[in-house]
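> We have chain A; now place chain B onto it with these hints.
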Amino acid sequence: MVDVTPDGTRGVPQDGTTAVPPAEVADAELYHPHSYWTKYIFSQDAKVIAIQYSGTAIGIGLVALVLSWLMRMQLGFPGVLDFITPETYYQFMTMHGMIMVVYLLTALFLGGFGNYLIPLMVGARDMVFPYVNMLSYWIYMLAVLVLVASFFAPGGPTGAGWTLYPPQAILGGTPGGTSAGIVLMLVSLILFIIGFTMGGLNYVVTVLQGRARGMTLMRMPLTVWGIFTATVMALLAFPALFVASVMMLFDRLLGTSFFMPALVEMGEQLSYGGGSPIMFQHLFWFFGHPEVYIVALPAFGIVSDLISVHARKNIFGYRMMVWAIVIIGALSFVVWAHHMYVSGMHPYFGFFFATTTLIIAVPTALKVYNWVLTLWRGDIHLTLPMLFALAFIVTFVNGGLTGLFLGNVVVDVPLSDTMFVVAHFHMVMGVAPILVIFGAIYHWYPKITGRMLNEAMGQFHFWVTFLGAYLIFFPMHYVGLVGVPRRYPELGETVFIPDSVATLNAFISVTAFVVGFAQIVFLFNMIWSIRHGRDAGGNPWRATTLEWQTPQTPPAHGNWGKDLPVVYRWAYDYSVPGAPQDFIAQNDPGPRGAAPGPVPA
Amino acid sequence: MAIALVLVAVVAGSVLFHIFSPWWWTPIASNWSYIDDTLTITFWITGAVFAAVVLFMAYCVLRFRHREGITADYEPENKRLELRLTLATAVGVAAMLAPGLYVWSQFITVPAEATEVEVFAQQWQWSYRLPGEDGRLGTSESRLVSFENPLGVDPDDPAGQDDVIVEADDLHLPLDRPVKMLLRSIDVLHNFYVPEFRAKMDMVPGMVTYFWFTPTRTGEFEVLCAELCGVGHGFMRGIVMIDTEQDYQAWLQEQSTFAELSAPTQVGLAEPANP
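Residue numbers (my numbering), protein chains in the order written: chain A, 24 to 624; chain B, -5 to 269.
Excised from the complex, chain A in its bound form:
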């Protein structure tokens, strides 16, 4: 059960003076791996698995980055690269979207940050099922390999758009529709979901069962709350994509008609009949909308912690922040059809889904208020993690507000399927979460490697990425307002599109190349700093949460040495009046009476 007061304790006295028996989980020698293979390759250590997940996700993410360059090349300078035909453009577009949403963002937030931070932040030695955790990564790896294989398959990868809408996805007019492309895509998704389910169950059970003594749910850092809630959502949402993928695979390979009505393709009657294309869309978005929040909630949680640590101030309204995460997670399951306002579904659905969609804006706005109110009367250190957190708020607020256009059913009608939508979702679920990922890497890299990332390269990376991304996606909304549809490899001669749109498109493309280059600098920085970075020490940011209190940095296998930590306070005791320094670690029993309860009454 959720313990609603941050003061709530589990056998730990309020004032923290009485001795508490430590660790129930002893550190046994047999438990540690001894060979290179079990230590670094088939590792069961969540921290190693986290790095494997992150490395793979960033690797495949680089493919998506190159694909975005190729698309921007075509949109900004149509016809310059003559290998970009409509076929290849649609293939680049589809793979870019699918990689970014599923194989990069989901994998990096949950598989990467989830694995690294959950056990450390809740004070556990590891995930509760380390072997299953290892399997989770390797199945994810297999899913990525199958995805990559589709680039080399005859006919190339699928070009159905990341939404994979049937009937188009499995017909001949779409690249990869009747060749191997769509089959490999669906198989890869099925594998990904199997792998994710193994990891996801681990994260949930570890948060519920593996917490250190005194770590009540309402003392957990918001990072853990965000990842935990997102994982629960993913475990509920991904099965919808799983069944949709299996059914479409049957339609494609066995000739079933789950999503296929009677069709005439290029003058030829096909043998399909009786299926419903809209049913696929419902299944897809029943997964797809929660997916937005599966990416957003970990970002919400992490950014809350970044702001709090670097503003030296407790997060404002912690309890409200936790409840907002939970409420957003729950509401996100009843808003999916706002992606389908012009799909041809029953028009009355519009009333319901517009209402739920705009209601979700309230808890989301509350989170934004609490982030900026945390800055109020803080002691703001403009470190790189803080800069990225501030940039996140700008882009997230911008992208969230354009969501109010698209969520409000009738306003969506003219904007739907235009570049306005592309600009909106890139701002809100592309740029914003990725800025958090950067902030988080600058923040936790010292714990992972023991060294700081290079500041100069970091500053360059920050300014180019933040301002560049804003310059790419803010004007793109106006391309959509003009009426330019999305998913057009070239606009050609279109009466209502002025020539100036081509100039704007060229500007956006050039900016995108520059921003992409800055990411290469960032990757270089990550590699360079492993050897040449400044020594970080155990707790360079003077943070309260448990991962900064480990006996070694980087933390060894088992995390805590002989005794597990005991938690005496919430995660946000910064600048507590009367305390000797401006933070009190969660496992610091503290002098009697020095630390007041985090929440009055």
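Since the hints were derived computationally from the structure, they do not count as laboratory data. Bear in mind the structure is a predicted one, so any value in this text is a computation, not a measurement.
Chain A stretches covered by chain B per the calculated footprint, using a threshold of three residues with CB under 8 Å from any CB of chain B: (1) 339 to 349; (2) 406 to 420; (3) 584 to 598.
Listing some non-contacts, in silico: residues in chain A with all C-beta distances to chain B over 12 Å: (4) 58; (5) 60; (6) 448; (7) 473; (8) 547.
Built from N, CA and C at the ideal position, the CB exists for glycine as well.
Same frame as chain A, but now just chain B:
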């Protein structure tokens, strides 16, 4: 320091871009100016919120940036403030949702006097069917689609015989008369999109979808497909002409009915069926 200035510049730049942008929606040619109005309200509300939040952040960064000897306040929560902000947000959201839902109810309520026009989509062209003298469209079915019967009109339905068939050609519509566009596809998803009309809807094989509008301006408008439909998606274009009543009737007289098109070709007919 720099970040505070940049945050202010982001707000100022965004507002200036919005005001001076040459990129704005096309002049409207339908009755849906309410949609434009709701969009404008949304721009004002969201723009104000964006400016307020980012400027507040800029102020905080400037005012509360780290200085030696200053510690942050310790204030875990403030229930009253959080409640007030929640209520204010709820009011703002309602101010956008209420007109939105009101206009949506109009959008989905087709006036009784609207004429039905069928839009027929296939990879990658547009065709149309208009009711004939009887004012009714005959039934149709994808299974009936063939080279001779490209729109799959039921030959046994008497209501379909006088239907006017416009195959892969421009559609003409009369000015100021509400029209219900019945949308049919026989292969994949498509979407009938004319930016000046503001309305659009997906076309789904196996069902008939619709939207309605009243043309308010004569002229030639470009039709685009707005739902990814395969490699020809970007080239699936068409033309809708909005005519005065007179021009419309003149155009209509030149079109052929289903019965004319499906009659066996006769040599030496006084008037060719399809000039």
